Amino acid sequence: MAIPITVLDCDLLLYGRGHRTLDRFKLDDVTDEYLMSMYGFPRQFIYYLVELLGANLSRPTQRSRAISPETQVLAALGFYTSGSFQTRMGDAIGISQASMSRCVANVTEALVERASQFIRFPADEASIQALKDEFYGLAGMPGVMGVVDCIHVAIKAPNAEDLSYVNRKGLHSLNCLMVCDIRGTLMTVETNWPGSLQDCAVLQQSSLSSQFEAGMHKDSWLLGDSSFFLRTWLMTPLHVPETPAEYRYNMAHSATHSVIEKTFRTLCSRFRCLDGSKGALQYSPEKSSHIILACCVLHNISLEHGMDVWSSPMTGPMEQPPEEEYEHMESLDLEADRIRQELMLTHFS
1 MAIPITVLDC DLLLYGRGHR TLDRFKLDDV TDEYLMSMYG FPRQFIYYLV
51 ELLGANLSRP TQRSRAISPE TQVLAALGFY TSGSFQTRMG DAIGISQASM
101 SRCVANVTEA LVERASQFIR FPADEASIQA LKDEFYGLAG MPGVMGVVDC
151 IHVAIKAPNA EDLSYVNRKG LHSLNCLMVC DIRGTLMTVE TNWPGSLQDC
201 AVLQQSSLSS QFEAGMHKDS WLLGDSSFFL RTWLMTPLHV PETPAEYRYN
251 MAHSATHSVI EKTFRTLCSR FRCLDGSKGA LQYSPEKSSH IILACCVLHN
301 ISLEHGMDVW SSPMTGPMEQ PPEEEYEHME SLDLEADRIR QELMLTHFS
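The sequence shown begins at 1 in the UniProt record's numbering and counts up one residue at a time.
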């Protein structure tokens, strides 16, 4: 005779369906130092997240009701910032691995729902001009409203047949397109592109490209490295500078573009689940994309709360999947080439 098998929820076994929340861990019971070492953020910031996401995390479903919003936020932060296996982080706050996984999923989706609230280009002319002034003050590069680049985040292989996520180094990854301002605030984030796509192809197919091609940000441009094509709205360095003006242009370009490189290092240092040191993200491409985006939302929220992007400690060497190596992308846009030549003549001669 077949014996029916019942899958039991450990939390329900311990506490029963009538128990509304499982308050295993109390913020007030631990020190600030402990919170920073385990979860990467101070007490008041965690309280803010609980308030911000509380409605999403208290949805009237049997499972999400079992664990308090506070515990869910702590579980997710612990995973994002340590990159450790969910079992270990779950043990720290007293929940099962299954519950830990649900907490990470719940908090991730709640943050993704708020991405447009915290990641966006400024809309008013005064804010855009302020961006340009700040970038100009950094290295003398005029007209810049943001710097753009791509970063690879390692993921597990979706399946043996799907090679679209295999990058040039033979690793499975997502190629994530981002734009930041001079402070490291992210203004555009697209995390869904498969790792086989080169940076220039990601940008070409992105919504970011569509916005600029449609003329949404006239008289402004982004700075990108030589893995991108020169565009009227995207200034790239010269492959072989020859004149003093060209050398000065390239130096100003490099000094300005380095802002996003530093932002990437800080993002991966703060959110160790992204840096590859604990292995690839063990999720589907879609879920991995959402986790990356959730970390970017947290990155911007932390900046709004005065947590300087450059103050995150760098702990050990980065084990980020190797960056792709591309040949220099020569310009095929005559108007873009004219704009760059005029820029060098006017500001760097």
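In short, the hints are calculated from the structure, not lab data.
Wrong hints could be hidden among the right ones.
Stated by the list, open to error - The following label-pair restraints were derived from C-beta to C-beta distances:
| # | residue 1 | residue 2 | range |
| --- | --- | --- | --- |
| 1 | A55 | G170 | 40 to 50 Å |
| 2 | P244 | A201 | 29 to 39 Å |
| 3 | S349 | E113 | 43 to 53 Å |
| 4 | K218 | Q97 | 44 to 54 Å |
| 5 | R338 | E51 | 46 to 56 Å |
| 6 | P142 | G94 | 51 to 61 Å |
| 7 | E335 | L27 | 28 to 38 Å |
| 8 | Q204 | Q97 | 34 to 44 Å |
| 9 | N159 | Q341 | 44 to 54 Å |
| 10 | R338 | G170 | 33 to 43 Å |
What the hints assert, rightly or not - Mimicking DSS-like on lysine-lysine, the simulated pairs with C-alpha atoms at most 27 Å apart in a straight line are:
| # | residue 1 | residue 2 |
| --- | --- | --- |
| 11 | K287 | K262 |
| 12 | K169 | K156 |
| 13 | K26 | K169 |
| 14 | K278 | K169 |
| 15 | K156 | K287 |
| 16 | K262 | K132 |
| 17 | K287 | K132 |
As the structure is a prediction and not an experimental result, all values here were calculated from the model.
Positions of the beta carbon are idealized from the N, C-alpha and C atoms, including for glycine.
Structure-based check of all given hints:
no.	hint	verdict
1	A55 with G170: 40 to 50 Å	43 Å, holds
2	P244 with A201: 29 to 39 Å	34 Å, holds
3	S349 with E113: 43 to 53 Å	49 Å, holds
4	K218 with Q97: 44 to 54 Å	52 Å, holds
5	R338 with E51: 46 to 56 Å	52 Å, holds
6	P142 with G94: 51 to 61 Å	56 Å, holds
7	E335 with L27: 28 to 38 Å	56 Å, violated
8	Q204 with Q97: 34 to 44 Å	41 Å, holds
9	N159 with Q341: 44 to 54 Å	48 Å, holds
10	R338 with G170: 33 to 43 Å	40 Å, holds
11	K287 with K262	26 Å, holds
12	K169 with K156	14 Å, holds
13	K26 with K169	44 Å, violated
14	K278 with K169	18 Å, holds
15	K156 with K287	11 Å, holds
16	K262 with K132	19 Å, holds
17	K287 with K132	35 Å, violated
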